[in-house]
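Each chain, letter by letter, is given below.
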Amino acid sequence: MESEGSQKSIAVKPEPLISPGHTFSSVTDKISAIVLSRGTTPGWVFGFLIGFALLMLLNMVVGLLMIKGVGIWGIRIPVAWGFAIVNFVWWIGIGHAGTLISAILLLLHQKWRTSINRFAEAMTIFAVMCAGMFPLLHMGRPWMFYYLMPYPNPMWLWPQFRSPLVWDVFAVSTYFTVSLLFWFVGLIPDFATLRDRATSKATKIIYGMLSMGWRGSAVHWSRYETASLLLAGLATPLVVSVHTVVSFDFTIAIVPGWHSTIFPPYFVAGAIYSGFAMVLTLAIPVRKYYQLEDLITDRHMDIMAKVMLATGLIVAYGYAMEAFTAFYSGNRLEHDMMVNRMFGPYAAAYWALIATNIAIPQLIWFKKVRRNMVSLFIISLVVNLGMWLERFVIVVVSLSHDFIPSSWGIYAPTRWDWATYLGTIGLFFTLFYLFLRFLPMISIVEVRSLVHETSEEGHHH
Amino acid sequence: MAQLFHRSTNLIARFSIFGAVVFIGLLGYALYTIALSSWYTRQNYVEEQPVPFSHRHHVGELGIDCRYCHTSVEKSSFAGLPPTQTCMTCHSQIWTNASMLEPVRASYRDDQSLAWVRVNALPDFVYFDHSIHVNKGIGCTSCHGPVGDMALTYRAGTLYMSWCLECHRQPEKNLRPKSEVFNAFYQQPNSAHPVEFEGVAYTSQLELGKKLSSEYKIQPLQTLQSCSTCHR
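Those protein sequences? They're chains A and B, same order as listed. Heads up: the first sequence begins at 5 in my numbering, then just goes up one per residue. Heads up: the second sequence begins at 142 in my numbering, then just goes up one per residue.
Because the hints were derived from the structure by calculation, they are not lab data. A couple of the hints might just be wrong.
What the hints assert, rightly or not - Calculated lysine to any residue pairs in the SDA-like style (CA-CA distance at most 25 Å, straight line):
(1) K208(A) / A154(B)
(2) K34(A) / T45(A)
(3) K34(A) / P24(A)
(4) K351(B) / D290(B)
(5) K314(B) / M159(A)
(6) K314(B) / P287(B)
(7) K208(A) / L255(B)
(8) K205(A) / R155(B)
(9) K208(A) / P312(B)
(10) K319(B) / N276(B)
(11) K208(A) / P193(A)
(12) K208(A) / L145(B)
(13) K205(A) / R148(B)
(14) K208(A) / Q144(B)
(15) K372(A) / D306(A)
(16) K34(A) / L443(A)
(17) K277(B) / M229(B)
(18) K372(A) / V290(A)
(19) K208(A) / V336(B)
(20) K352(B) / H271(B)
(21) K205(A) / V336(B)
(22) K205(A) / V189(A)
(23) K72(A) / D265(B)
(24) K351(B) / Q311(B)
(25) K208(A) / R148(B)
(26) K208(A) / R155(B)
(27) K352(B) / V336(B)
(28) K310(A) / Q366(A)
(29) K208(A) / I158(B)
(30) K205(A) / H271(B)
(31) K205(A) / Q144(B)
(32) K72(A) / A416(A)
(33) K314(B) / F326(B)
(34) K205(A) / E321(B)
(35) K34(A) / R219(A)
(36) K292(A) / F52(A)
(37) K310(A) / P268(A)
(38) K205(A) / K351(B)
The structure presented is a predicted model; accordingly, all values stated were derived computationally and were not measured.
Build the full structure now, drawing on both the sequences and the hints.
Listed below in structure tokens is the structure:
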């Protein structure tokens, strides 16, 4: 690499990924201070209590579900899958961005992942936890959930391995395990930093136990790099496979609007789309509130907005192909399904979907929009809503209007549907706030590796 | 900087990781063993009854046929428990003052049923029909065990689905000639004591079973193992 001097004379220089003036210790000081010295601020408590209140709502709904059963939701025949599946797919989709940022961008040597991967991966883990609640809760007898596992049982029965619902069990549990492991391994050196900087004995012991005896020796670093690469290699196919398996929940069925080969790539792209939207929704307030704009820079936001736009365009292509193949196929049922989506009882949802997922995000083409944090935040919320609507349209509209007219029926969500959904949002925010308070939300180790790029002292490595 | 943790934690950490894996394995094994244990399944458990009725005496020693008391077994899904009148057919004449039989006489006198404790019971989601089994060559003792030897009655099988499937996957293992269905001391054929059927002496249960399976028109395995056969 040439000396810093010749780099400075080039007219166009990409924006730095970390503000100039940082040193190794300033990065560590800044990030660890949030956990160790900032304390519990009123702002944090306020946000945490809102999330916690919604978590208590979830607690209540789950209790009611156990006692009264899934009839408290609006699911009936023909729409027997309602919010539970919509929310499951929504949450799992959101999780995919974290793993993409952590794993795929690591393998692609993308340095811009370093300041966002920690909280993006945390987002993934919490999103998968929220998602995992729905397959359990939507069962008629949730306490028999273990029947989904292949274990030696006195009925001599295996789970139905031909069912995508069983594949989901393996896909989601693998995804959760690998994500958690990857996140934890990455956290070990940071836990060690916190252990060394903590002042109270109890804090030292807790972070000390979590850091698994990390000494920062060359051997440890070497193992850390290897482990990260291996886990990234394991996690990378999961980004594609998990949501593909989730899309199989629909594609395996013969219902018009579900039985479509475009679903796997379209779902994966949609997952990354909604995931990046959620990363932006979280990153924008967090960087503002914790004054982290020098670490999560405007360039990061710019790149993420562009990734969101790109995946949004893939999703738009998916919608266009759905409509095209429905009409071009000559299949009367596909044609009817598409016409029903556009002009039937749920037409408002469909057109809202087009507006929120395709139309509004096109504003990101304009630099002014994607550099303005307020507008970017609003667009990210709009995309989150849009992706929820997409799952709603796919699940509910196709089920409400399948083959025989006498089977058609309307789905109306009840207050408990909404309560369960809001409850899982509460679970997510409770966990995320706890993460912000007690864990280093930016990877100290990874961001330190960027310091040399902007350092004035001509570091060599 | 002084060490936070004592040196022993190195050893503890390694052992606890290894130990956690072993622990989970042992836990699985323990759960499996408990699930198959008689504490859980009530297999071989003598249930406390209002009267210590002895099948060994009545069936083994006196030779009373199963159907004398369990009257509806050939026609109904439920084999039937005898009313007190059945007991009194003999015990109004013999052992009329035995203290052990006082509850029986009291039941007859006061017209109150004896509260027998159920030894073999399947859950409500299982449809089991005695008559089809008995009419197709499954003996009483095939499922209920050596009742003729039971001084006090106990459940001989686990009644798990796997226990039923063992036969339903290979009925030849348990079929016997219809004439032997109510024989409480029937033994499956082997070289020491063959069983005769239609003039042929069989020394192997599987051979006899195969012959009987076609003779008695036992349903194909696909029907025997179909979910809706038993879960209607």
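Practice problem: Hints the structure violates: just list their numbers, smallest first. | Solution: 4, 7, 9, 17, 19, 21, 30, 34 and 38
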